[in-house]
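Residue numbers (our numbering), protein chains in the order written: chain X, 1128 to 1335; chain W, 1128 to 1335.
Hints in this document: simulated from the structure, not taken from any laboratory. The reader is advised that the hints may include incorrect statements.
A pair counts as met if it fits within one copy or between any two copies, since identical chains are not told apart.
Restricting the straight-line Cα-Cα distance to at most 35 angstroms, the calculated cross-link-like pairs of lysine-lysine (DSBU-like) are [said to hold, decoys possible]: (1) Lys-1315 <-> Lys-1178; (2) Lys-1315 <-> Lys-1274; (3) Lys-1187 <-> Lys-1259; (4) Lys-1315 <-> Lys-1187; (5) Lys-1202 <-> Lys-1329; (6) Lys-1160 <-> Lys-1185; (7) Lys-1324 <-> Lys-1274; (8) Lys-1150 <-> Lys-1187; (9) Lys-1324 <-> Lys-1145; (10) Lys-1288 <-> Lys-1160; (11) Lys-1317 <-> Lys-1185; (12) Lys-1178 <-> Lys-1145; (13) Lys-1185 <-> Lys-1329; (14) Lys-1288 <-> Lys-1185; (15) Lys-1317 <-> Lys-1259; (16) Lys-1223 <-> Lys-1185; (17) Lys-1324 <-> Lys-1187; (18) Lys-1315 <-> Lys-1185; (19) Lys-1240 <-> Lys-1185; (20) Lys-1150 <-> Lys-1240; (21) Lys-1187 <-> Lys-1329; (22) Lys-1259 <-> Lys-1315; (23) Lys-1178 <-> Lys-1150; (24) Lys-1317 <-> Lys-1288; (25) Lys-1329 <-> Lys-1145; (26) Lys-1274 <-> Lys-1150; (27) Lys-1329 <-> Lys-1274; (28) Lys-1324 <-> Lys-1185; (29) Lys-1329 <-> Lys-1150; (30) Lys-1155 <-> Lys-1145.
Protein chains: 2
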Amino acid sequence: MSTRGVLTVISGFSGAGKGTVMKALMNKYPDYKLSISATTRSPRNGEQDGKDYFFLTKDKFESMIEDDGFIEWAKYVDNYYGTPREFVESNLSQGKDIILEIEMQGALIIKEKFPDALLLFITPPDFDELVKRLVGRGTEDNATINKRIARCNEEADVVAKYDYLVINDTVDACVERINEIISNEHFKPKYNEELIKQFSLKSSNFSI
Amino acid sequence: MSTRGVLTVISGFSGAGKGTVMKALMNKYPDYKLSISATTRSPRNGEQDGKDYFFLTKDKFESMIEDDGFIEWAKYVDNYYGTPREFVESNLSQGKDIILEIEMQGALIIKEKFPDALLLFITPPDFDELVKRLVGRGTEDNATINKRIARCNEEADVVAKYDYLVINDTVDACVERINEIISNEHFKPKYNEELIKQFSLKSSNFSI
Chain X
1128 MSTRGVLTVI SGFSGAGKGT VMKALMNKYP DYKLSISATT RSPRNGEQDG
1178 KDYFFLTKDK FESMIEDDGF IEWAKYVDNY YGTPREFVES NLSQGKDIIL
1228 EIEMQGALII KEKFPDALLL FITPPDFDEL VKRLVGRGTE DNATINKRIA
1278 RCNEEADVVA KYDYLVINDT VDACVERINE IISNEHFKPK YNEELIKQFS
1328 LKSSNFSI
Chain W
1128 MSTRGVLTVI SGFSGAGKGT VMKALMNKYP DYKLSISATT RSPRNGEQDG
1178 KDYFFLTKDK FESMIEDDGF IEWAKYVDNY YGTPREFVES NLSQGKDIIL
1228 EIEMQGALII KEKFPDALLL FITPPDFDEL VKRLVGRGTE DNATINKRIA
1278 RCNEEADVVA KYDYLVINDT VDACVERINE IISNEHFKPK YNEELIKQFS
1328 LKSSNFSI
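One chain only, chain X, in its complex shape (with noise of 0.2 angstroms):
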């Protein structure tokens, strides 16, 4: 029915249990396109190149840049991160949903230039889970946890300019959740005009 896909944005609290969310959700759902941002930062450990991220020279992402490459960037301290733009084009225009994982400053910058993007946005069910979570990992000092929490207070004033809040409680849950929000979307108006137009033409001067 629908001719263009649906560009989703994820964005969450940090500790809102992202990564893990994101991994079941293209583990069952294959068929969504998963957009890979680009960075000149090196890679850690283990990631690999177009998978993690693509990795960029610093000249290479300066000149996609001029060429207008990238759909949204931004530098952090000495880094570029940017949301390739020919992946993400090509792929609506197939018809392909199109998923982008993304802190909100860039998920913003694409609901503005797609205002058609549906911006989700992942939290824990409340605050004392998200303070458990960031503390169970046992991975950071405390503070890396203030400031992680510093963060969510910036984005809490901020995260009801997103379409939907997706809560989660059971990660199952959350996918099934973002699964049915973006199958839904499909059902919009602005994803039917040819259904819309082929009852407008076929009824127009319509006699039995």
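Position chain W against the provided structure of chain X, taking the given hints into account.
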């Protein structure tokens, strides 16, 4: 989580199978509260007061109009039709999800007065199927069918104002789709203001 209920308004092309879908929806999901319209027309064979309509006298209806007792009302030929306000507002504030089955004209009035209302429009999978269903009923003469199709033509031009088109291919799938769309609605930020506030307040000046 959500404190307010969702107000869903369902319309559809004549011949889309709306009646069957509504019946199956309410059977399968009896927690939805179905708003009953009021009218001054006489009950038809088998229609029950308080189930199919609230059958009111003209005096009663007009005094309710004066008391702002309807969230929308209209006069067709010599009869009034309207949606009683009290049922809708009291159930919404109790967090109940309400469903209104109503014509396009009334639906758009409700969307103006309740911008959070969720507008669903049921369509057959394509125009030929619509004609097939109207003819297949065998209950209407050709003039009536032509009138219904002419109305479909008017509605097709405005249907993009609805939030979702729900395609009635099979009744079961259509019922599931409606239920999913309403369920997902509860995950919009506007229905989760308490949760957002909690994250904002508890993360403010947090230190571990």
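Hint check:
{"no.": "1", "hint": "Lys-1315 <-> Lys-1178", "result": "both (32 angstroms within a copy, 31 angstroms between copies)"}
{"no.": "2", "hint": "Lys-1315 <-> Lys-1274", "result": "between (39 angstroms within a copy, 27 angstroms between copies)"}
{"no.": "3", "hint": "Lys-1187 <-> Lys-1259", "result": "neither (41 angstroms within a copy, 59 angstroms between copies)"}
{"no.": "4", "hint": "Lys-1315 <-> Lys-1187", "result": "neither (39 angstroms within a copy, 39 angstroms between copies)"}
{"no.": "5", "hint": "Lys-1202 <-> Lys-1329", "result": "between (52 angstroms within a copy, 30 angstroms between copies)"}
{"no.": "6", "hint": "Lys-1160 <-> Lys-1185", "result": "within (26 angstroms within a copy, 59 angstroms between copies)"}
{"no.": "7", "hint": "Lys-1324 <-> Lys-1274", "result": "between (52 angstroms within a copy, 19 angstroms between copies)"}
{"no.": "8", "hint": "Lys-1150 <-> Lys-1187", "result": "within (29 angstroms within a copy, 60 angstroms between copies)"}
{"no.": "9", "hint": "Lys-1324 <-> Lys-1145", "result": "between (39 angstroms within a copy, 21 angstroms between copies)"}
{"no.": "10", "hint": "Lys-1288 <-> Lys-1160", "result": "both (24 angstroms within a copy, 30 angstroms between copies)"}
{"no.": "11", "hint": "Lys-1317 <-> Lys-1185", "result": "neither (39 angstroms within a copy, 41 angstroms between copies)"}
{"no.": "12", "hint": "Lys-1178 <-> Lys-1145", "result": "within (17 angstroms within a copy, 47 angstroms between copies)"}
{"no.": "13", "hint": "Lys-1185 <-> Lys-1329", "result": "neither (55 angstroms within a copy, 40 angstroms between copies)"}
{"no.": "14", "hint": "Lys-1288 <-> Lys-1185", "result": "within (32 angstroms within a copy, 46 angstroms between copies)"}
{"no.": "15", "hint": "Lys-1317 <-> Lys-1259", "result": "between (41 angstroms within a copy, 26 angstroms between copies)"}
{"no.": "16", "hint": "Lys-1223 <-> Lys-1185", "result": "within (30 angstroms within a copy, 55 angstroms between copies)"}
{"no.": "17", "hint": "Lys-1324 <-> Lys-1187", "result": "neither (44 angstroms within a copy, 43 angstroms between copies)"}
{"no.": "18", "hint": "Lys-1315 <-> Lys-1185", "result": "neither (41 angstroms within a copy, 39 angstroms between copies)"}
{"no.": "19", "hint": "Lys-1240 <-> Lys-1185", "result": "within (25 angstroms within a copy, 53 angstroms between copies)"}
{"no.": "20", "hint": "Lys-1150 <-> Lys-1240", "result": "within (27 angstroms within a copy, 42 angstroms between copies)"}
{"no.": "21", "hint": "Lys-1187 <-> Lys-1329", "result": "neither (52 angstroms within a copy, 43 angstroms between copies)"}
{"no.": "22", "hint": "Lys-1259 <-> Lys-1315", "result": "between (38 angstroms within a copy, 25 angstroms between copies)"}
{"no.": "23", "hint": "Lys-1178 <-> Lys-1150", "result": "within (12 angstroms within a copy, 48 angstroms between copies)"}
{"no.": "24", "hint": "Lys-1317 <-> Lys-1288", "result": "both (20 angstroms within a copy, 10 angstroms between copies)"}
{"no.": "25", "hint": "Lys-1329 <-> Lys-1145", "result": "between (46 angstroms within a copy, 21 angstroms between copies)"}
{"no.": "26", "hint": "Lys-1274 <-> Lys-1150", "result": "within (25 angstroms within a copy, 53 angstroms between copies)"}
{"no.": "27", "hint": "Lys-1329 <-> Lys-1274", "result": "between (60 angstroms within a copy, 14 angstroms between copies)"}
{"no.": "28", "hint": "Lys-1324 <-> Lys-1185", "result": "neither (48 angstroms within a copy, 41 angstroms between copies)"}
{"no.": "29", "hint": "Lys-1329 <-> Lys-1150", "result": "between (45 angstroms within a copy, 29 angstroms between copies)"}
{"no.": "30", "hint": "Lys-1155 <-> Lys-1145", "result": "both (15 angstroms within a copy, 33 angstroms between copies)"}
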